[in-house]
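Q: Below, each chain spelled out in residue letters.
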Amino acid sequence: MKTQFLTAVVASFTAASVATTSMAQMTEIGEGEGELSIVAWAGYIERGETDPAFDWVTGFEEATGCMVSVKTANTSDEMVALMNEGGFDLVTASGDASLRMIAGKRVQAINTDLVPSWSTVDDRLKDAPWHTVGGVHYGVPYMWGPNVLMYNTEAFAEPPTSWSVVFEETTLGDGESNAGRVQAYDGPIHIADAALYLMTHQPELGIEDPYELTQDQYDAALDLLRGQRELVSRYWHDAFIQIDDFKNEGMVASGSWPFQVNLLKADSVPVASVIPEEGATGWADTTMLHADSEHPNCAYMWFEHQLSSNLQSDLSVWFGAVPSVPAACSDGRGMQTQEGCDANGLDQFEKIRFWKTPVTQCESQGECVPYYRWVSDYIGVIGGR
Amino acid sequence: MTIADPRAALPRTDSAATRVSDVLWRRPTLLLVLLLTPPVLWLGIIYLGSLFALLLQSFFSIDHFTGLINYEFTLRTYAELFTPTNFDIILRTVTMAACATLASAIIAFPIAYYAARFARGRWRAVFYIGVMMPLWSSYLVKIYAWKLILAKEGILTWALEKLHLLWLLEAYLSLPVVGGNSLSVSPTGTFIVFVYVWMPFMILPIQAALERVPASMLEASGDLGARPGQTFRHVLLPLALPGVVAGSIFTFSLTLGDYIIPQIIGTSRLFIGQAVYQHQGIAGNIPLAAAFAVVPIVIMGIYLTIARRMGAFDAL
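Chains as they are written, first to last, in the working numbering: chain Y, 1 to 385; chain H, 1001 to 1316.
Check the hints yourself; a few may be wrong.
[Unchecked claim] Dumping the calculated DSSO-like pairs for lysine-lysine here, alpha-carbon to alpha-carbon at most 27 angstroms:
(1) H:K1162 <-> Y:K265
(2) Y:K126 <-> H:K1162
(3) Y:K71 <-> Y:K105
(4) Y:K351 <-> Y:K126
(5) H:K1152 <-> Y:K105
Just so you know, the hints here were simulated from the structure itself, not pulled from any lab data. Quick caveat, the model's predicted, so the values are computed rather than measured.
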């Protein structure tokens, strides 16, 4: 009798907690509130002002009456800071920011039933761990892309096949050492690139996931990066300074984004890019809704717009990225073509390890080194410690 | 009574402005209070208030995973300043500030001396324009120009190559600590640009101080048998020291706070300004950023105390 009573109590508690969880989600979309503010990466929300051919905002505003305002952020950490401040509706968060915002309860769960085009999302992204926690979705996939290895075609006789050209001292095709002629990304997430390299070259470390490192694996990655510090004269932070360094500073190889590769090529600098045999890290961005959003109806309308309109196709051309809706590559809704998607990395999905925030409780092993240590230790590595 | 009351002769104009004017004339204290309140409020609330708000932030701490600030009094954030990584940043910045200040003073002194003692007429105008003109153009333009000058494929390397002096540059760049792959990515490059950008702030105060040194004192020193070096050490420098110190306060504190030059030119190793910028703007770690921002305030406090002990302000 007593047991039954306890079971009933536990069951009702469970039911209540499940009910509150689903209560947090929207159940229907009402009238638009007339406004929508988005925290986004530069170039992500274009209304034809930079280039009239690239516009995926005015159509949305006309159709829904939701006027879009954009706050540009330069790094994932800045996005988290802005969302913590509040006052925004949506954020185009990369995987190294999304989990932090979910843990900090800055974003709310998404009811995918209210987004008719959800079924068109790439199956590989639907339940991606950087926006799905415990089976609950906290965002709608936006865009993804690889961090490629950019190289100067005059310094390399053959395209490089390994990231070793930026991690270890070697003699390049033009007969000179790579010391002082390579660059690395000036963000703590670059530690994952080192870990990814070690997965192939020091398999005895047993790294399964470059974002989930035990103390020993983490120390090995930092050692590799300390060696890299000897080769790197200046780390890149701003895409345009990297472009200048490839033009004037004699840089020949670096991890980079398709964005810089395209701009340098357009400027007739002899560069190309590859995804080396170790694979590459990448970013997969998710649009997430602020927990205290004042315009949730407009936000849900945006979710549908971002998946079904010309946005996916045209943005992938504009940014050198890959759409989260594979059909957008080929169905002619925008300017992107199947060849363009393939060039941006569509068929390389399996080789890419997407950015996510390193946490203490990690899945692949017992205890991992958390992100705040990555931040302080990477500052130390750049500082020569 | 033969003399009429003068007020009776004047027409009574009882307009509001006149009455206000009368009240203020009768009560000068009121006028003073009215005039002083706005600037004091500005200084007290907006200027110092924001500084105290910042200081307050430095006593909070941050939850490292969620990035949310923990509003409880703690000194943990200050302790973080003394971890090897952060302490390196402080040492690096202070060393750079000291070197840039010293070099600015050494270069600025002869220029200021010439301007104060010998430049006349048109040359004086040329001097002022020459010193001030770099201040009129944008700070960023100057830094990017220097990036191109110092770059590996830049104009300086090109010029040295033509002069067959490239070996000299390469020998210098192979030195540890100050060298690097090219001037633009070496600490020397950062140093050169700092010295260039802050130079006017050093020249102008020294020049003002030198102009107030009577020429007769230098002549008297010479008459009494002092060699030029002795005159400089015992007469000119002590009298001009307030100017040098004023200039060094500018160059020292500006270098301590700058975050743009080391980001564009140098080795990517952080300076205090960049640490503040990164922790505040990027990592959202306002407490640590605030604690870092306190460092230059403390250093300047120590610096000014030492300068006062050395008698730098005695002549003020």
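Q: Against the 27 angstroms threshold, does the CA-CA distance of K1152 of chain H and K105 of chain Y hold or violate the hint?
A: 48 angstroms, violated
Q: Is the Cα-Cα distance between K126 of chain Y and K1162 of chain H 27 angstroms or less?
A: 61 angstroms, violated
Q: Would the pair K351 of chain Y and K126 of chain Y pass a check requiring their Cα atoms to be no farther apart than 27 angstroms?
A: 18 angstroms, holds
Q: Is K1162 of chain H close enough to K265 of chain Y, meaning Cα to Cα at most 27 angstroms?
A: 31 angstroms, violated
Q: When you check the alpha-carbon spacing of K71 of chain Y and K105 of chain Y, does it fall within 27 angstroms?
A: 21 angstroms, holds
When held up to the earlier numbered hints, the structure conflicts with 1, 2 and 5 and fits the remainder.
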